[in-house]
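The primary structure of each chain is shown beneath.
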Amino acid sequence: MDALNDILRSFRGEYNKTPVKIQVLDCFLVYAVFTGLVQVAHLLLVGSFPFNSFLAGFLSCVAFCVLTVCLRMQIDPSNADFKGMSPERAFADYVLCNGLLHLVIWNFMG
Amino acid sequence: MLSTAADRVASASRRILVAEPSTAESTKKLQRSAAANVVCGFALAGICLLAFSLRLFSVIKYESVIHEFDPYFNYRVTQFLTKEGFYNLWNWFDDRTWYPLGRVVGGTVYPGLIWTAGIIWNVLHFFNIPIHVQEVCVFTAPLFSAFCALTTYFLAKEVRNQGAGLFAALFAASVPSYISRSVAGSYDNEGVAIFALVLVFFLYVKTINTGSLAWATANALSYFYMVASWGGYSFIINLLPIHCLACIFLGRMNSKLYVAYAPFIILGTIEAASIPVVGFNAVLMSEHFGSFLAFGVLHAAMGMLYIKHILPAKTYNAAKALALSAGVAFMAVVAVLVVGYVMASPTFGWTGRSLSLLDPTYASKYIPIIASVSEHQPPAWNSYFTDVHILVLLAPLGLIACFRPMTDASLFLILYGVTAVYFSGVMVRLMLVLAPATCCLGGIAADQILNTFCKSIGPEEGSGGWVGLIKTWMDGEEPAAQSDSVSVDSRPASSSTSSAPSGRRQKSAKNKSKEAAAKEAEASPFNAFNLFGGTRDKLPRDVGIIGALFFFGMLVFYVFHCCWVSAEMYSAPSIVLQSRSPQGGVHVFDDFREAYGWLRHNTHEEAKVASWWDYGYQTTAMANRTVIVDNNTWNNTHIATVGRAMASPEHQAWQIYRDLDVKYVLVVFGGFVGYPSDDINKFLWMVRIGGGVFPDIKEPDYLGERGYTIDDKAGKVSFL
Numbered sequence: 001m002d003a004l005n006d007i008l009r010s011f012r013g014e015y016n017k018t019p020v021k022i023q024v025l026d027c028f029l030v031y032a033v034f035t036g037l038v039q040v041a042h043l044l045l046v047g048s049f050p051f052n053s054f055l056a057g058f059l060s061c062v063a064f065c066v067l068t069v070c071l072r073m074q075i076d077p078s079n080a081d082f083k084g085m086s087p088e089r090a091f092a093d094y095v096l097c098n099g100l101l102h103l104v105i106w107n108f109m110g
Numbered sequence: 111m112l113s114t115a116a117d118r119v120a121s122a123s124r125r126i127l128v129a130e131p132s133t134a135e136s137t138k139k140l141q142r143s144a145a146a147n148v149v150c151g152f153a154l155a156g157i158c159l160l161a162f163s164l165r166l167f168s169v170i171k172y173e174s175v176i177h178e179f180d181p182y183f184n185y186r187v188t189q190f191l192t193k194e195g196f197y198n199l200w201n202w203f204d205d206r207t208w209y210p211l212g213r214v215v216g217g218t219v220y221p222g223l224i225w226t227a228g229i230i231w232n233v234l235h236f237f238n239i240p241i242h243v244q245e246v247c248v249f250t251a252p253l254f255s256a257f258c259a260l261t262t263y264f265l266a267k268e269v270r271n272q273g274a275g276l277f278a279a280l281f282a283a284s285v286p287s288y289i290s291r292s293v294a295g296s297y298d299n300e301g302v303a304i305f306a307l308v309l310v311f312f313l314y315v316k317t318i319n320t321g322s323l324a325w326a327t328a329n330a331l332s333y334f335y336m337v338a339s340w341g342g343y344s345f346i347i348n349l350l351p352i353h354c355l356a357c358i359f360l361g362r363m364n365s366k367l368y369v370a371y372a373p374f375i376i377l378g379t380i381e382a383a384s385i386p387v388v389g390f391n392a393v394l395m396s397e398h399f400g401s402f403l404a405f406g407v408l409h410a411a412m413g414m415l416y417i418k419h420i421l422p423a424k425t426y427n428a429a430k431a432l433a434l435s436a437g438v439a440f441m442a443v444v445a446v447l448v449v450g451y452v453m454a455s456p457t458f459g460w461t462g463r464s465l466s467l468l469d470p471t472y473a474s475k476y477i478p479i480i481a482s483v484s485e486h487q488p489p490a491w492n493s494y495f496t497d498v499h500i501l502v503l504l505a506p507l508g509l510i511a512c513f514r515p516m517t518d519a520s521l522f523l524i525l526y527g528v529t530a531v532y533f534s535g536v537m538v539r540l541m542l543v544l545a546p547a548t549c550c551l552g553g554i555a556a557d558q559i560l561n562t563f564c565k566s567i568g569p570e571e572g573s574g575g576w577v578g579l580i581k582t583w584m585d586g587e588e589p590a591a592q593s594d595s596v597s598v599d600s601r602p603a604s605s606s607t608s609s610a611p612s613g614r615r616q617k618s619a620k621n622k623s624k625e626a627a628a629k630e631a632e633a634s635p636f637n638a639f640n641l642f643g644g645t646r647d648k649l650p651r652d653v654g655i656i657g658a659l660f661f662f663g664m665l666v667f668y669v670f671h672c673c674w675v676s677a678e679m680y681s682a683p684s685i686v687l688q689s690r691s692p693q694g695g696v697h698v699f700d701d702f703r704e705a706y707g708w709l710r711h712n713t714h715e716e717a718k719v720a721s722w723w724d725y726g727y728q729t730t731a732m733a734n735r736t737v738i739v740d741n742n743t744w745n746n747t748h749i750a751t752v753g754r755a756m757a758s759p760e761h762q763a764w765q766i767y768r769d770l771d772v773k774y775v776l777v778v779f780g781g782f783v784g785y786p787s788d789d790i791n792k793f794l795w796m797v798r799i800g801g802g803v804f805p806d807i808k809e810p811d812y813l814g815e816r817g818y819t820i821d822d823k824a825g826k827v828s829f830l
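Chains as they are written, first to last, in my numbering: chain A, 1 to 110; chain B, 111 to 830.
These aren't lab readings, by the way, just hints derived from the structure by calculation.
For each residue, glycine too, the CB sits at the ideal point set by N, CA and C.
Check before you lean on any hint, since a few could be wrong.
[Claimed, not checked] Partial pick of chain B residues on the chain A-facing surface, computed with a CB cut under 8 Å:
(1) 361
(2) 364
(3) 383
[Stated by the list, open to error] Calculated pairs, EDC-like style, for lysine to aspartate or glutamate (alpha carbon to alpha carbon, straight line, at most 20 Å):
(4) 430(B) - 14(A)
(5) 792(B) - 771(B)
(6) 418(B) - 88(A)
[As the list claims (entries may be wrong)] Pairwise CB distance ranges (calculated):
(7) 431(B) - 78(A): 23 to 29 Å
(8) 698(B) - 106(A): 41 to 47 Å
(9) 106(A) - 812(B): 56 to 62 Å
(10) 83(A) - 233(B): 38 to 44 Å
(11) 106(A) - 218(B): 22 to 28 Å
(12) 83(A) - 238(B): 28 to 34 Å
(13) 78(A) - 218(B): 48 to 54 Å
(14) 448(B) - 23(A): 33 to 39 Å
(15) 324(B) - 23(A): 47 to 53 Å
(16) 99(A) - 409(B): 21 to 27 Å
(17) 194(B) - 18(A): 52 to 58 Å
(18) 386(B) - 99(A): 54 to 60 Å
(19) 427(B) - 18(A): 32 to 38 Å
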């Protein structure tokens, strides 16, 4: 327990040092995860019909999380893997990918 | 706003036009690399032309006709598409087959190929070019094989360099295994699916190398095209997780891998579910569970990386221990759930076709229809040599070359090669998936081999090998040492365009001397082995020259072999047969089309025709009559009914056929000319499949003393 508190405290301390832009993205992530969990709860409580709508909604939450994490990694200045990429380019790619995602989701939702 | 943009453009152009220091050097370099790219472009155009023309033999020998059996169904669906439109194709219920059950075509066909031909036809007709649907269908596959060669170039270039790309494109354009399924007239899924496969792999490797979400989007789109085209998409959805896990466990994980893999999996799953023939199998069938597993493991690994990045060391260790224990507990719960779900299904969640790949004995025990198809048998060793020729030698060399240096991209190629070799050993049909892998690996090996020989020939180190030699002869000038660009003497290029293949190899020699100088700089621990010409030890010059000549000779043999195989072995339309008469003339057997024509003109439009399932597609397409069973083989019991009717005495067979409203029975008999694949030869399969469902048909009843033999000396004719 002590160790856990230690970890959490040090994590919170380090996390406060991340830029505000990235913390805003993390809020989006939390929101998307929450929406996904609500849909899973609905599936467990009410049933799986129509299954394609559930899949579309749930997978869109997951995909949105994944894409936002990608964006977060690309605009994080401390990430050495994406040295040459400007944040504008990262955001433009993010919008493009989200466009495709929502097109596919809209088609599959039924 | 405008002025600042104009200013930016002006300053940029000034930077380009104004010479930098050492002006002569850098402009020369620019010129050389520009000319090299132009030459490379021309080489690629030649390769695409080669790919297209190698597949036209059957059109020249016979006529522009659709081959085999499956393409006729695809042709019929394309006809429906051009008449009724894209939207009606989704809802088409076909009542001309599987009488009286019918077939839901919209939900059971892989529409990618149909859409492709339909779009090409629509575009042509939009520009008032009135090409018939059949011509579009016949020439779709050669066109896409040219695109596939181009894509193989990009893939190998992404993994290694331009020289490897050019060789890989040349190999892919002519490899016989791919020719066999994409010849003009073979209007089947694999014709476009292999192009889509290589495209997906190229875009995946590109995303790993650049880490850009834009390439990931393109990758997801190409995967959609792949899922729409072929059931072999499950190879991709299992290979990419293997690669992802390999990267994680070999310590090669970085954020670019995440960008390449994670969006692709989720987008790919939804796209796969959007195609009706896949539907919910995209999340419920075991084929896809591997991708989800790797998705989870990737997230866990990324999470650990993030925590390591953000926490100080001591706290990280404690957090790691905690996370690992929590993770193991969670994985145990998930594993129990998945195993429980999988065990509940009799096939462990896999579809029948996939299971027959994993367990090669499965099909012969449980699904005799899958076992009876000749394409599903394991290949003999010589079919490897026929189908990929010298790549049998070059691909293992390329496999070794991929290890030094190993990048994420070359690791992917290694895994692709190994898994493709395994699966091609299970089923002959999957040699097709092996072909692009061997082409890329062979391209890498060929590039390095030529690199070694050319460096040995060149007058000094880092002189650019081949090119340095040419320049010495032509200009009498010593090429600059350590130059990392290609010299642009266009005269050697034009003087040797007499034979296209050697011209192409020259270009690749030029292009990869770029890499030669770069390789010199890198110190490799493998130099001691001198495996691929460690840059310090050159071979003696004579050995280099002879070696290069031998290598070119091998490539010449390869091209000869591919042309011969394409002309003689893979250009038979199998609906028209040719043979030589004793006087030396050629006799054409057009019996199939005559039979279908007779049916079309002499029977009532609603008459039902029964035959063995091989001829179902052709009968509906050419004779335009309703059939009982066809090549789709989705209903085993229905086929067993027809098999039982074929195996029963006449009165009982008549009764079975009357119950199915059949008026005509089509039987193929090759006894007059010794045609080997007629219904008499296939009769035992009818008995086996019928006996699989109706126990009163027993195979031993149909075997004589020496088994089931046909007098194969009767009227023997050898077919061209």
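Hint-by-hint comparison with the structure:
1. 361: Residue 361(B) check fails; min Cβ-Cβ to chain A is 15 Å, beyond 8 Å.
2. 364: With Cβ-Cβ at 5 Å, under 8 Å, it holds.
3. 383: Where the cut-off is 8 Å and the nearest Cβ of chain A is about 6 Å from residue 383(B), the hint holds.
4. 430(B) - 14(A): Cα-Cα ~16 Å, so holds.
5. 792(B) - 771(B): Violated, because 24 Å separates the two Cα atoms, which is more than 20 Å.
6. 418(B) - 88(A): At roughly 27 Å apart (the allowed maximum being 20 Å), residue 88(A) and residue 418(B) break the hint.
7. 431(B) - 78(A): 23 to 29 Å: Given a distance of about 25 Å, which is inside 23 to 29 Å, the answer is holds.
8. 698(B) - 106(A): 41 to 47 Å: violated, 54 Å
9. 106(A) - 812(B): 56 to 62 Å: holds, 57 Å
10. 83(A) - 233(B): 38 to 44 Å: holds, 42 Å
11. 106(A) - 218(B): 22 to 28 Å: holds, 25 Å
12. 83(A) - 238(B): 28 to 34 Å: Violated - the Cβ-Cβ distance for residue 83(A) and residue 238(B), about 52 Å, lies outside 28 to 34 Å.
13. 78(A) - 218(B): 48 to 54 Å: Given a distance of about 51 Å, which is inside 48 to 54 Å, the answer is holds.
14. 448(B) - 23(A): 33 to 39 Å: holds, 35 Å
15. 324(B) - 23(A): 47 to 53 Å: Violated, at about 26 Å.
16. 99(A) - 409(B): 21 to 27 Å: holds, 24 Å
17. 194(B) - 18(A): 52 to 58 Å: holds, 56 Å
18. 386(B) - 99(A): 54 to 60 Å: Once the Cβ atoms are compared, 24 Å apart, the range 54 to 60 Å for residue 99(A) and residue 386(B) is violated.
19. 427(B) - 18(A): 32 to 38 Å: violated, 22 Å
Checked against the numbered hints listed earlier, the structure breaks hints 1, 5, 6, 8, 12, 15, 18, 19; every other hint is satisfied.
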